[in-house]
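Put the two chains together into one complex; each comes in its own frame, and the hints tell you how they fit.
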Amino acid sequence: MKKKDIIVGIIVLLSITVLSGFLLAQVFNIAEPKISEQKKIDEETLNREIFQDGVTFEQKKIKDIKFTVVHNKDGDLLGRIFDLKATGYGGQILIKAGVDKDLKITGIRILEHTETPGLGSKITDAGFLEQFKDKEDGTIYLKKDNPQGEIDSITGATVSSSAVTEEIRKLQENLKTLNGETQ
Amino acid sequence: MKKTVDFKNFTLGLWKDNPIFYLMLGLCPLLAVSAALKDALGMGVAFIFVLVGSNITVSIIRKIVPEHIRIPVFIVVIATFVTIMDYSLAAFSPQLHKNLGVYLPLMVVNCILLGRAEAFASKNNVINSTLDGLGMGLGFTIAILIIASIREFLGQGTLFGINILGENYLPLLIMIMPPGAFLVIGFLMAIKNSVGGRKKC
Numbered sequence: 001m002k003k004k005d006i007i008v009g010i011i012v013l014l015s016i017t018v019l020s021g022f023l024l025a026q027v028f029n030i031a032e033p034k035i036s037e038q039k040k041i042d043e044e045t046l047n048r049e050i051f052q053d054g055v056t057f058e059q060k061k062i063k064d065i066k067f068t069v070v071h072n073k074d075g076d077l078l079g080r081i082f083d084l085k086a087t088g089y090g091g092q093i094l095i096k097a098g099v100d101k102d103l104k105i106t107g108i109r110i111l112e113h114t115e116t117p118g119l120g121s122k123i124t125d126a127g128f129l130e131q132f133k134d135k136e137d138g139t140i141y142l143k144k145d146n147p148q149g150e151i152d153s154i155t156g157a158t159v160s161s162s163a164v165t166e167e168i169r170k171l172q173e174n175l176k177t178l179n180g181e182t183q
Numbered sequence: 001m002k003k004t005v006d007f008k009n010f011t012l013g014l015w016k017d018n019p020i021f022y023l024m025l026g027l028c029p030l031l032a033v034s035a036a037l038k039d040a041l042g043m044g045v046a047f048i049f050v051l052v053g054s055n056i057t058v059s060i061i062r063k064i065v066p067e068h069i070r071i072p073v074f075i076v077v078i079a080t081f082v083t084i085m086d087y088s089l090a091a092f093s094p095q096l097h098k099n100l101g102v103y104l105p106l107m108v109v110n111c112i113l114l115g116r117a118e119a120f121a122s123k124n125n126v127i128n129s130t131l132d133g134l135g136m137g138l139g140f141t142i143a144i145l146i147i148a149s150i151r152e153f154l155g156q157g158t159l160f161g162i163n164i165l166g167e168n169y170l171p172l173l174i175m176i177m178p179p180g181a182f183l184v185i186g187f188l189m190a191i192k193n194s195v196g197g198r199k200k201c
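Keeping their order, the protein sequence lines are chains A and B. Going by our numbering, the first sequence opens with residue 1, and the numbers climb by one from there. Going by our numbering, the second sequence opens with residue 1, and the numbers climb by one from there.
Excised from the complex, chain B in its bound form (with noise of 0.2 Å):
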């Protein structure tokens, strides 16, 4: 029989099965979030939030929905959470709400979100649910806060806006832009494989 709670399924989400690093899930917003790390942070909690709240919902309503029309349900239950968290943030971060842009409102069509709806809250219990969702949603936090330090510290030598490197750095440009997220994902991913044991297919 299954346990009712298991721990494994939050730490599972932090390294083993990282979003980012294993599942490849969500690399759009990695992408696009991840120049400046002031930005990837409030990106990591605002995730958190709405994938943390979708699972728990998709976990309390799984047994009420039928097979045939969960996804377009789950996407409403994710655009209704990614909905709450952007008039929030408007209202009481606005500053966050203005550095994230219009990458909040695309949250929508992450696949973390839709992927752990389906292939996690829909089969395990609310508590599973939440720890999965506080997992996976550190994973990615973790992983767009670790891109982001690279990125800014080599593209513009700075760390949380700070100037570590000088004024006489000349910044890794290719670091700043699309490009270099690319890059430092594929050598991080390669890091991982050769510590965490390689990808079977």
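So that you can see chain A by itself, here it is in the shape it has in the complex (with noise of 0.2 Å):
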């Protein structure tokens, strides 16, 4: 190879990586309010499924762990929503639980993950969810891998099944714990 055809090649390869990283910064420049504003609705919408007769959604922060109290028209108490992390088959899953003031877990809802598509994208099923509703204590398992266990797990997706269980089973021991620090 020629000096000259690498010195070509250097051009070229440089001016077309400096072209498209232009073009990148202005389609993320006009996509990118839309995408948070999305993030923040999609939030936001979650929260109210939760607890529909909520009316302030204050965020708070101890310890590591966000959580969201949730006062009603009347400023009574209704629970909290907690912000919880699992790591499913295909990467972060983040789920959103609704505890009422009874420490009861009365809703879940998943804001994000990237799990497979037909399978363990059925995470976000009401069906699924409605099985971690007033759950008591020792019951949070999959049905396959505890006795106790009362949560059936989705065909084909079992790793994204137990992610989802077992971190909602870790939020119900803690709650416990917490009570008096979250008020």
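Calculated directly from the structure, the hints in this document are not laboratory data. If you're wondering where the values come from, they're calculated on a predicted model, not measured in any experiment. Please note that a few of the clues may not be correct.
[What the hints assert, rightly or not] Keeping only pairs whose Cα atoms sit at most 25 Å apart, straight-line, the calculated BS3-like set for lysine-lysine is:
(1) A:K34 with B:K98
(2) A:K122 with B:K38
(3) A:K85 with A:K104
Next up, the structure:
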């Protein structure tokens, strides 16, 4: 290869890379505000789905645990929504878990995930998530893992199902010790 | 002399040179996203956009790109289009973006894109490259839709999420799992070979 070829190659590749970088920056500038806006809307919709009577949603953080305190229109405490992170089959799963003032789990929603479409992505289905409602201590296990478990896993997506289940069980176990601090 | 516009470039990708059933390229996203029709349709549309975009760009710059650096240049072009698609879907169609998940950014390494850039767009003019991109893209979309409808129908008893076979149908679960995709592709390929002539080595 001649010296000239190498220099031409460098210039062409460099200019094409710079050009795509520039183009991407433009696209990003247009898309970014919409994406973050969408994320905020998603989060608010999920919060409202979990506590339908909620009026004020106040974000708090204690010892690395992020949660939202929810009050109704009269200012009474309805419960809290915890932000959980589970590691699924395809990456991180961001979970929102609603807990009422008696520390019972009232509703679970999936905020973000990258599980396999058609299989693991079913963790967002109501049928799966409704199972976690009002469960007694020691029953949040997959049925096939623990005889006392009351959670049906999603067919073909054991890893995703157990990632979510375990994270919610941990929350249930932690709730007792957290009680005094999250008021 | 080569014709400047040859409509055959469009139709070839649809059936005879179908990227999935003939060229056997891009099987990876096909296996992964063909469990449900809705996701497959989204993947197909996103794929057409990226393929046409990268084909046009590669064709425009084909004369200024030296032979020895063409592969990194093609990859940069493809990655740019995939990222544009990723951002736009996240901004304007968040639900579809969520469903496609990790397979959208993974399109960067899809071999149909690089294959068409290398085998066609880098040797042909812009119009023919556009036609080739459209044909190949549609061919891929049709293939993924056929496979997804068979898998969703047998595996869940639904089409586009609408229940067809009723509650009593016991789903053939293997169909929505990865082996089901291999089985369906294998059968379809056998059918295409027997109808459309055997692939010659």
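*asked:* If you test the structure against every hint from before, which numbers come out violated?
replied: No hint contradicted; all consistent.
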